[in-house]
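Chains as they are written, first to last, in UniProt numbering: chain V, 1 to 207; chain C, 1 to 207.
Simulated from the structure, these hints should not be mistaken for laboratory data. Treat the hints with care, as some may be off.
[Unchecked claim] Lysine-lysine pairs mimicking DSS-like chemistry, simulated, CA-CA at most 30 Å apart:
{"id": "1", "chain 1": "V", "residue 1": "87", "chain 2": "C", "residue 2": "148"}
{"id": "2", "chain 1": "V", "residue 1": "11", "chain 2": "V", "residue 2": "53"}
{"id": "3", "chain 1": "V", "residue 1": "53", "chain 2": "C", "residue 2": "53"}
{"id": "4", "chain 1": "C", "residue 1": "148", "chain 2": "C", "residue 2": "87"}
{"id": "5", "chain 1": "C", "residue 1": "53", "chain 2": "C", "residue 2": "11"}
{"id": "6", "chain 1": "V", "residue 1": "148", "chain 2": "C", "residue 2": "11"}
{"id": "7", "chain 1": "C", "residue 1": "87", "chain 2": "V", "residue 2": "148"}
{"id": "8", "chain 1": "V", "residue 1": "148", "chain 2": "V", "residue 2": "87"}
[As the list claims (entries may be wrong)] Reference listing, derived: stretches of chain V covered by chain C, where coverage requires no fewer than 3 residues with Cβ under 8 Å from a Cβ of chain C:
{"id": "9", "region": "22-28"}
{"id": "10", "region": "35-47"}
{"id": "11", "region": "64-73"}
{"id": "12", "region": "116-129"}
{"id": "13", "region": "171-185"}
We put the beta carbon where it would ideally sit given N, CA and C, even for glycine.
There are 2 protein chains.
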Amino acid sequence: MSGRQSAEERKAQIVAEVLRLADEIGPDRLSTTDVARAIGLSQPAIFRHFPTKGALWLAVAEDIADRLQRDWVAAEGGASEPHARLKALIGAQLTAISATPALPSILFSRELQVDNQALRDVFRGLLGAFQSRLVAVINDLQAAGDLKRDVSPEDAAILLTSLVQGVAIRWTLGARGFSLPQEGLRLFDVQLALLNAQEDVCDEKTG
Amino acid sequence: MSGRQSAEERKAQIVAEVLRLADEIGPDRLSTTDVARAIGLSQPAIFRHFPTKGALWLAVAEDIADRLQRDWVAAEGGASEPHARLKALIGAQLTAISATPALPSILFSRELQVDNQALRDVFRGLLGAFQSRLVAVINDLQAAGDLKRDVSPEDAAILLTSLVQGVAIRWTLGARGFSLPQEGLRLFDVQLALLNAQEDVCDEKTG
DNA sequence: ACCTCTTGTTAGTTATAACTAACTAACATA
DNA sequence: TATGTTAGTTAGTTATAACTAACAAGAGGT
Numbered sequence: 001m002s003g004r005q006s007a008e009e010r011k012a013q014i015v016a017e018v019l020r021l022a023d024e025i026g027p028d029r030l031s032t033t034d035v036a037r038a039i040g041l042s043q044p045a046i047f048r049h050f051p052t053k054g055a056l057w058l059a060v061a062e063d064i065a066d067r068l069q070r071d072w073v074a075a076e077g078g079a080s081e082p083h084a085r086l087k088a089l090i091g092a093q094l095t096a097i098s099a100t101p102a103l104p105s106i107l108f109s110r111e112l113q114v115d116n117q118a119l120r121d122v123f124r125g126l127l128g129a130f131q132s133r134l135v136a137v138i139n140d141l142q143a144a145g146d147l148k149r150d151v152s153p154e155d156a157a158i159l160l161t162s163l164v165q166g167v168a169i170r171w172t173l174g175a176r177g178f179s180l181p182q183e184g185l186r187l188f189d190v191q192l193a194l195l196n197a198q199e200d201v202c203d204e205k206t207g
Numbered sequence: 001m002s003g004r005q006s007a008e009e010r011k012a013q014i015v016a017e018v019l020r021l022a023d024e025i026g027p028d029r030l031s032t033t034d035v036a037r038a039i040g041l042s043q044p045a046i047f048r049h050f051p052t053k054g055a056l057w058l059a060v061a062e063d064i065a066d067r068l069q070r071d072w073v074a075a076e077g078g079a080s081e082p083h084a085r086l087k088a089l090i091g092a093q094l095t096a097i098s099a100t101p102a103l104p105s106i107l108f109s110r111e112l113q114v115d116n117q118a119l120r121d122v123f124r125g126l127l128g129a130f131q132s133r134l135v136a137v138i139n140d141l142q143a144a145g146d147l148k149r150d151v152s153p154e155d156a157a158i159l160l161t162s163l164v165q166g167v168a169i170r171w172t173l174g175a176r177g178f179s180l181p182q183e184g185l186r187l188f189d190v191q192l193a194l195l196n197a198q199e200d201v202c203d204e205k206t207g
């Protein structure tokens, strides 16, 4: 349907379509025929732009990685104090997942888990990078005295990423019957209240 | 290889093999040929015992559901006080996942997410049942004054299942480089310390 | 020993996957 | 306007998927 395009544009279009269709029909069932038909190209045209299907998936992963990292930078840049920065990071992640709902399924696709080691590496790196950012912000929070010190920053970060993953799983299995960012941020507030230095209040009274 | 068996036994054997192979080569890539070869049967023999592949998956899901529920009952039965019961429940879940490592992938397989509504229902019910058990125990804990009251039992249960799911995801993506029950229970202790009624200590001092 | 049901086989069918070979039409530029 | 490059096509190939039809052999009851 759409006329002849530059390779650059076409590649981006194919990647975007893969992400959309991966959600619709599942990452592993997604065939190059599906992608081509959705765009309005012949199936072999896909292989003009990507040598193998694995290479296509890798391009998709890199697209996701780029967008996520931009989101993180924007989130951290938009907030100055640590608490707001932490909440913005979590919020960005939740928003990114709900904007790319295929993400959880891709994490457990055979393409990633079995076939494509490179794909696996990209996502492992991504999760690690997110974790590191969280740890850094949590360190700041503890330094400012706004967070319990008897929980290590690493564990606190793990609890928060688990929160994101848990709510994302519920969202996916529950046919997305609620707003992922809204419910996620609500639980974030609950968890952060727990992580808050309650004993400080206590110390103030007793000290 | 193994001689002729009763349908009952063969069915169980096929189901067990599906679970093993689903982990090895991914739930969606798993073919009836793979299952048959692993057992030492011809491929059509599978269809003697299950009318369609979807029916086979449903049998697998019911097998998982039965075992999980037995595990929960055993865990709750083995501990009398609420705190121990809660920890036993979480521990049982972690142990079950590490004994059936294909579980997380199955949750996101196309078979479940796209093709097989019945399969989806089974797992939705399972997660709901686990959640309900957690809520009940947490209610007991709060009634006994052993848990903060400013977090709803539902939210506390969500935080704990998220913890399990989060650590399971890390375990899966990280090529299972650590003991899932061990790390999971460690984080459980961290989270439960947070959920503990710290302000009680405070009240004792101030009251 | 024979009959019968059940569990298995072999040999297909049909559909769909990734990928290739060979050719064509649009565009850029000398 | 001629020419080389690039984005596209159609028509295959090869492999593998689920599933079927028709036939064979083992085990139990009479």
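Taking the hints in turn, this is what the structure says about them:
1. V:87 - C:148: Holds. Residue 87 of chain V to residue 148 of chain C sits at ~23 Å (cutoff 30 Å).
2. V:11 - V:53: holds (13 Å)
3. V:53 - C:53: Measuring from Cα to Cα gives roughly 26 Å; hence the hint holds.
4. C:148 - C:87: With a Cα-Cα distance of about 17 Å, the restraint between residue 148 of chain C and residue 87 of chain C holds, given a limit of 30 Å.
5. C:53 - C:11: Given pair residue 53 of chain C, residue 11 of chain C holds - Cα atoms ~13 Å apart, limit 30 Å.
6. V:148 - C:11: Measuring from Cα to Cα gives roughly 53 Å; hence the hint is violated.
7. C:87 - V:148: holds (23 Å)
8. V:148 - V:87: Distance of about 17 Å is within 30 Å: holds.
9. 22-28: holds (count 4)
10. 35-47: Violated: only 0 residues of the region 35-47 of chain V have a Cβ under 8 Å from chain C.
11. 64-73: It is violated, with 0 qualifying residues against the three required.
12. 116-129: With 4 residues close enough to chain C, the hint holds.
13. 171-185: Holds, because 3 residues of the region 171-185 of chain V bring their Cβ atoms closer than 8 Å to Cβ atoms of chain C.
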